[in-house]
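Here is how the chains run, residue by residue.
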Amino acid sequence: MMVEAGAAADSMAAGIELLHREAAYLDEQRWDEWLALFAPDCEFWAPTWTGEGRLTTNPQTELSLMYFAGRGGLEDRIVRIRSGRSPAALPLPRTTHMVGNILPLEPPQSSRLRLRSSWTCHAFFPLMNATHIFFGRAEYELTSGGTDWVIAKKKTILENDRIPMAIDIYCL
Amino acid sequence: MRPRAAQSYIDDRPEDGVFRVHRDVYADPELFELEIKYIFERTWNFLTLESELAKPHDFVTTHIGRTPVIVARDAKGKIGAFLNTCRHKGATVCRFEKGNAKFHVCLYHGWAYDSAGKNVSIKQREAADYAAAFDAESHDLIPIARLDSYQGLVFGSLSPDVPPLLDHLGDLKFFIDLHMEQSPNGMEIIPGRVAYTYRGNWKMQLENGQDPYHVDTAHGSFMAIAERRRKGQGNVAARELDWQKRNNVQIGAYEFPFGHSSVWHEVAEPERRAVYPMLDEIRARLGPVKAEWMVKQRNAVFFPNLQIADQIVPILRTFRPISVDLTELRSNVIAPVGEPPERRAARLRQFEDFVNPGGYATPDDVTVFADCQTGFSATGVDFLQGYARGIGALERGANDEARGAGLHPLASVKGHRTQNTEIGTHAPFREWVRLMEAGMAGRKAYA
Chain P
1 MMVEAGAAAD SMAAGIELLH REAAYLDEQR WDEWLALFAP DCEFWAPTWT GEGRLTTNPQ
61 TELSLMYFAG RGGLEDRIVR IRSGRSPAAL PLPRTTHMVG NILPLEPPQS SRLRLRSSWT
121 CHAFFPLMNA THIFFGRAEY ELTSGGTDWV IAKKKTILEN DRIPMAIDIY CL
Chain S
173 MRPRAAQSYI DDRPEDGVFR VHRDVYADPE LFELEIKYIF ERTWNFLTLE SELAKPHDFV
233 TTHIGRTPVI VARDAKGKIG AFLNTCRHKG ATVCRFEKGN AKFHVCLYHG WAYDSAGKNV
293 SIKQREAADY AAAFDAESHD LIPIARLDSY QGLVFGSLSP DVPPLLDHLG DLKFFIDLHM
353 EQSPNGMEII PGRVAYTYRG NWKMQLENGQ DPYHVDTAHG SFMAIAERRR KGQGNVAARE
413 LDWQKRNNVQ IGAYEFPFGH SSVWHEVAEP ERRAVYPMLD EIRARLGPVK AEWMVKQRNA
473 VFFPNLQIAD QIVPILRTFR PISVDLTELR SNVIAPVGEP PERRAARLRQ FEDFVNPGGY
533 ATPDDVTVFA DCQTGFSATG VDFLQGYARG IGALERGAND EARGAGLHPL ASVKGHRTQN
593 TEIGTHAPFR EWVRLMEAGM AGRKAYA
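So the sequence lines, in the order shown, correspond to chains P and S. Counting from 1, one number per residue, gives the positions in the first sequence under our numbering. Counting from 173, one number per residue, gives the positions in the second sequence under our numbering.
Honestly, the hints are just simulated from the structure, not real lab data. A hint or two may mislead.
Stated by the list, open to error - For the chain P half of the interface with chain S, some residues (derived, Cβ under 10 Å), not all of them:
{"id": "1", "residue": "13"}
{"id": "2", "residue": "76"}
{"id": "3", "residue": "90"}
{"id": "4", "residue": "161"}
Quantities reported herein were computed from a predicted structural model and do not represent experimental measurements. Note that the Cβ used here is the ideal one computed from N, Cα and C, for glycine as well.
Starting from the given sequences, assemble the full structure and let the hints guide the process.
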């Protein structure tokens, strides 16, 4: 179905804004607003590298850094952060995400967008007095039921996967 | 400052019920150098799984201590292990973690080696005007001194003066069996890998597996997640044991020779264990004892570099010492070859949820290791007090559970879950003393 040029531009603008919001909410620890960007039945997937050059391709048969079929997996991470009982999140690292190189992976539609992005996450770990830059790229499927767009699928690839200690959703 | 005699770092007085470890053991860079030399380079180390080398010319690269090593299956199917360093100028001849290569060609001057480590090409050799003395030397990769495997686990030693592998493993063979015999089709590493470092000494991860005492504090937030999942909220696909139900279970530990040890827990909900659907077949094939032990939560240490753990699902975790306060961990999840897809997926979710650096348990462990390492900088304090739980219940030799499994530990302990025994740390530290003392005195590591 052909989409009018104006509608496509509107979809793209909404999608780009959603990706920016996602990053900003993580950095500002607006966890509930961050969760609300994801569809309840969303898929969140961070594959692992099997070695130098290949990523795992199937989360049902190969290892992932994180794989959640449903927003519940993301909600668990927030429950943990808020519990105040996780040594890994005491004190909580401070992060700044930058998102760029957002391109459509298919022609934008009025109710579905597939986008790719590049991202960096500068993380300061007060515990270590150390800064680490996580970086990678992501693929999204966004859907819109009417006015609001939500993330139906997110696959994010951590390029520098030699992890200093640990990662959480705010590192990706 | 010269390190003192090795015994002075471990206050080990069984007759007085005392076992204490000096903080310098984790923090002194000179001791760390000696550990590399007298422990890692003078005993068996776990290298890889044979299943990672399924085909001729498959290889993996790894380390023994700091020594880079290639393990490869040659054209005839034989597994060999070589120092990953070119005979010419010393560059590693293989940069990759794993793969398949008939030849490993040094990127510096092009010397080439086959998958059996044999030098097959010295570039422009004919025109080199080498003297006869050069031709008289071997140019092959140096094989490591000892290589052997048990149940598909490949071990190697840089020193020839080690006991035969099977003698060295001793009763640890039982705990390897419990991992590797779960399927009649064999077990394999699930593709994908996680590698992470922590700011702490290598022995902290080794000990952490022998330390059930930390679980309900360090992993307190995980208990909150488990509570949600009981109500059907959150990532229920990763749901495993109900940790609340563990309160009445028994816990135990064994000390074995050569630094190995194991902790075990009874399990209140066997039906939640990954092995549960396979138990009838396992009982028929291996008998009731191994089947029963496969259900128990287990955490065994192969000293010095491997954790053979099944707290959630069976894993193999290696620890590589990089410096006195930096350690690299790699965790592999193993699974039955040909496992049904839904069980494979459930196994992955449980592993990712608990063991991954983005999971719920490991991140808390490694961050508290950093706290310990910082705390070790304190002066005016010497011995730690974290090795004493369970000493009052220690039995020399085997207890009933050990006898039932045909095990012959040096010592056994058992108690209510909240005993949270720490005696699983004793065998590694006694072996630490023995190997360090032998090295510092200029003696061989093994009689």
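When the least beta-carbon distance from residue 90 of chain P to chain S is tested against 10 Å, hint result: holds (8 Å)
Cut-off 10 Å, beta-carbon criterion: hint that residue 161 of chain P touches chain S: holds (7 Å)
Hint status (Cβ of residue 76 of chain P to nearest Cβ of chain S, threshold 10 Å): holds (4 Å)
Interface hint status, residue 13 of chain P versus chain S (Cβ within 10 Å): Constraint on residue 13 of chain P not satisfied, violated at 32 Å.
When the structure is compared with the earlier hints, a violation turns up for hint 1 alone.
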